[in-house]
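*Asks:* So you can see what is in the structure, the chains are spelled out below.
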Amino acid sequence: MTGGVLIPLLQTVVTSATPLLFAALGELVAERSGVLNLGVEGMMLAGAVFGFAVMTATGSDTLALLAAAAAGTTLALLFGVLALTLAASQVATGLALTIFGTGLSTLIGARYTGRTVPPLPRLDVPGLSELPVIGPLLFRYDAMVYLSVASAFAIGWFLRRTRGGMVLRAVGESDVSAHSIGHPVIRIRYLAVLFGGAMAGLGGAYLSLAYTPLWAEQMTAGRGWIALALVVFAAWRPGRALMGAYLFGGITVLQLYLQGSGLVAIPTQILAMVPYIATIVVLTVISSASARSRLSAPACLGKTFRVAT
Amino acid sequence: MTAIELQQAASLPAPARDADRFYPLRRAAEAVVFPLAALVIALALFSVFLLALGKSPGTFFWLVWRGAFASAFSLQNTLQRAAPLLLTSLCVAIPAQLGLVIIGGEGAVLMGGLAAVVATYPLQTAPGWLLDGLMAIAGCAGGGAWIGLTGLLRTKRGINETIVSLVLYYIALAVFNHLVEGVLRDPASLNKPSTYAIPPQAHIPSLFGTELHPGLPVGILACIAAWVLITRTTTGFAARMTGGNMRAAQLQGLPVQRLMIGACVLGGACAGLAGMIEIAAVQDRANSSLAAGYGFTGILIAFLARHNSLAIMPMAVLLGGVGAAGGLLQRRLDLPDASVLVLQGLIFVCILASDTMYGRIGWFQPARGRA
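As you go down the protein sequences, you meet chains Y and R in turn. Using our numbering, you'd call the opening residue of the first sequence number 1 and step up by one each time. Using our numbering, you'd call the opening residue of the second sequence number 1 and step up by one each time.
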C-alpha cells in the first residue's frame, strides 16, 4: 500500500471516528452520573436531521451545529422528565427515545432525502497543513474533529480533577450517599443527561454535515448503539473512549476499503463483528474479580433514584 | 368476591377494608384506565403532529382501521404480523420477571431461523412432520443458546445483560449475513442472497384455507403457557421473587443463577421459534427478510403489556395492525414508513409516563387513603 492511498484512508478513519467519539463522550458523562440512556441512536438522528435542515435553510455552520445540539438536548430532556422526574425505567425510556427519534427524523427528513450541503470547511493551519505526511494527517480537518478530541481531554480533566466532576461521579457511584450529604442527585443527573443529548446531537450532525454531507433515512446506521458499546469498551474512561472511537472507526473504514478494493482476504461480515466481539471480551475481562473494583461500571448505573418521602 | 379479591382485601389495614368494599374493583379499573388513557393521549399528540405536517388525523386513523382490521384480508395480514411478535415479546417478558432487561431478541430470531434451515439439510427426503419437528427444536435451541449466553455472562461475570444482549444481536446479524452470503448461499439467489430452500414437504401450510399460518395458535399457546408458568407455579413464584428482591431470594436459598439463565434460555427459545415459524411457514429460506425487526417490536409490546403474558396478546395485535397498515398509509397519505415509528414512540412514552402514575390518583386508592 502506498502513501498515496494510506493518507486518505487514515483521514477517513479520523472523520468516521468523530461522530462515534462525540456520542460516546456524551453517553459516558451520563453513565458516570448513573444514568443509562439507550436513546443515543435517536438523539443522533435528531441532531443529524435538524442540523441538516438548518444548514439548508440558513447556510450557517454554527447555527446548524447549535440546532443539532439543541435537538439532541430536547430529546434528552424528554428522557429526563420520564426517567428522572417521573422515575420510569431508564432502559425502556431510552428505547422509546430511539424509536421516537428514528421516526421523527425520517418524517422531517423526507423532504431532504438525497439533497446535499457544502461540507463543514476545513480548518487549515498556515504552515502546518502544508507539511508532508503530518500536514494531511493532523492539520487538515474541520473544527469539529479538533473539538471532539479536545472534549475527550476536557471531560477527562473535568471528571478527575474538578469538584463538579467528583460530585458527578459520587452521584453515579452511590446516589443515596450523595443525596444524604446534600448533593442534588436529580439535578446533577439532568445536567449530565442533557450534556449527553447535546453531544449525541453534534455527533449526528457531523454525519449529515461533514462525513457524508447529505441526509439519508436512518443514516446513523447503528452508530448510536456502537457508541453505547464503546462506552463500555472504554471502561467509562474518556481517554480510552478516544482510542476506542479511532479503533472502531478504523475497523469500519477497513471494512469499506476491503469491500471496495476486491482484495477480500477477510470476509467483511467477520470484520463487522470485530468491534462487538471486542466489546464483549473487554466486558468479560473487566468483570473479573480483581479488575472489577478498578474498572467496572458506576455502581448506580441504570438504577432509578427516588427521594425518600 | 373471588378468593383473590378476598386475599387482596385482607391484606389491607382493617379500617380501609371495612370502609371500602369496592377497593379491588378500583384497583382493576386502575389497571385498565391508565393504559387506555395513555393510548388516547398518545393518539392525541400524534394528531397534533399530523396537523403540523398538514395531514388529516381523521384520514390517518381511518386508514389504519381499514388497513389493519376492517376487511378479512387486512385482518389476516394483521394477525400474520402479530404471530411472531407474540413470541418475541415473551423473549423480553419472561426474563423481565427476574428483573432482567433483554433487548437482543432479534438476534435470537436470526439464530433460530438459521438453525432451523440448517437442520433440514442432512435430511432432504425425510417426511414433513419430522422435518418440522427438527426445525422447531433447532430453532428453539439456536435462539435459546443465543439469549442463554447473555444470561450466562450476566450471572457468571456480572455483565449488564441489556448491553450484552444488544451487542450479541449485532454479532448474530454479522454471522447470519456471513453464512447467508457465504457457505449457505443458494447460487440461484442473485439479487437477494438467500440460503438453499427447505425441502418442500417441510413447508407448513396455512390454516383452513385462510392466509393464517400456525404461528398464531403457537404464539397464543406460548403466551398462555408463560402466564401459567409465571403466575401459577412455584418456579414462576421463585422467578418473581428474584425480580422483586434478589438478595432476599438468595437468602431464601432460591437458585437465582439457574433461574436467570433458565429464563433467558426460555425467552430466547421463544424468539428462536418465531424465526423458525417465519422460515417454515412464510419464507422457506433464510435471507434478509427474516431481520424485519420482530425482535425490536417485541420489546415495545412487552413493555406496553407491562410484562404480563396475557396482555401481550392484544398489544401484539395492535402493533401488528399498525404495521399492516403501513403500506396503505404510504400510498394514500404519502407518509413514510417511519411515521408509524413516531406513533409507536409516542405510545411508548405515554405508557411509561402512565406507569409512574399508579397509586397517585386518589379515586383508585382505598377509601381511607382518600379521606
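Hints listed in this document are in silico derivations from the structure and should not be mistaken for laboratory results. Ideal Cβ positions, reconstructed from N, Cα and C, are used throughout, including at glycine. You may find that some hints are simply not true.
Take a look, some chain R residues computed to stay more than 12 Å from chain Y by CB distance [unchecked claim]:
{"id": "1", "residue": "Ala96"}
{"id": "2", "residue": "Thr125"}
{"id": "3", "residue": "Ala141"}
{"id": "4", "residue": "Gly158"}
{"id": "5", "residue": "Ser289"}
{"id": "6", "residue": "Phe303"}
Quick look at which bits of chain R chain Y covers, simulated, 3 or more residues with Cβ under 8 Å [stated by the list, open to error]:
{"id": "7", "stretch": "159-166"}
{"id": "8", "stretch": "176-189"}
{"id": "9", "stretch": "245-258"}
{"id": "10", "stretch": "330-344"}
*Asks:* Now tell me if each hint is right for this structure.
*Replies:* Here's how the hints hold up against the structure:
Not every C-beta of chain Y lies more than 12 Å from that of R/Ala96, the closest at about 10 Å, which undercuts listing it as non-interface. Taking the minimum C-beta to C-beta distance to chain Y, about 32 Å, the non-interface status of R/Thr125 holds against the 12 Å cut. With a minimum CB-CB distance of about 21 Å to chain Y, R/Ala141 clears the 12 Å threshold, and the non-interface call stands. R/Gly158, annotated as away from the interface, has a beta carbon of chain Y within 12 Å; the closest lies near 5 Å.
A cut-off of 12 Å between C-beta atoms confirms that R/Ser289 is not in contact with chain Y; the least separation is 18 Å. Remark: the non-interface label on R/Phe303 conflicts with the geometry, its nearest Cβ contact in chain Y lying 5 Å away (cut-off 12 Å). Proximity of the stretch 159-166 of chain R to chain Y, defined as three or more residues with a beta carbon under 8 Å from a beta carbon of that chain, is established by the 6 residues found. Under a criterion of three residues with beta carbons nearer than 8 Å to beta carbons of chain Y, the stated coverage of the stretch 176-189 of chain R is upheld, 4 such residues being counted.
Requiring three or more residues with a Cβ within less than 8 Å of a Cβ of chain Y, the coverage given for the stretch 245-258 of chain R is violated, as only 0 such residues are present. Note: the stretch 330-344 of chain R has 10 residues with beta-carbon separation from chain Y under 8 Å; the three-residue rule is met and the coverage holds.
The structure fails to meet hints 1, 4, 6 and 9 from the earlier list, while all remaining hints are met.
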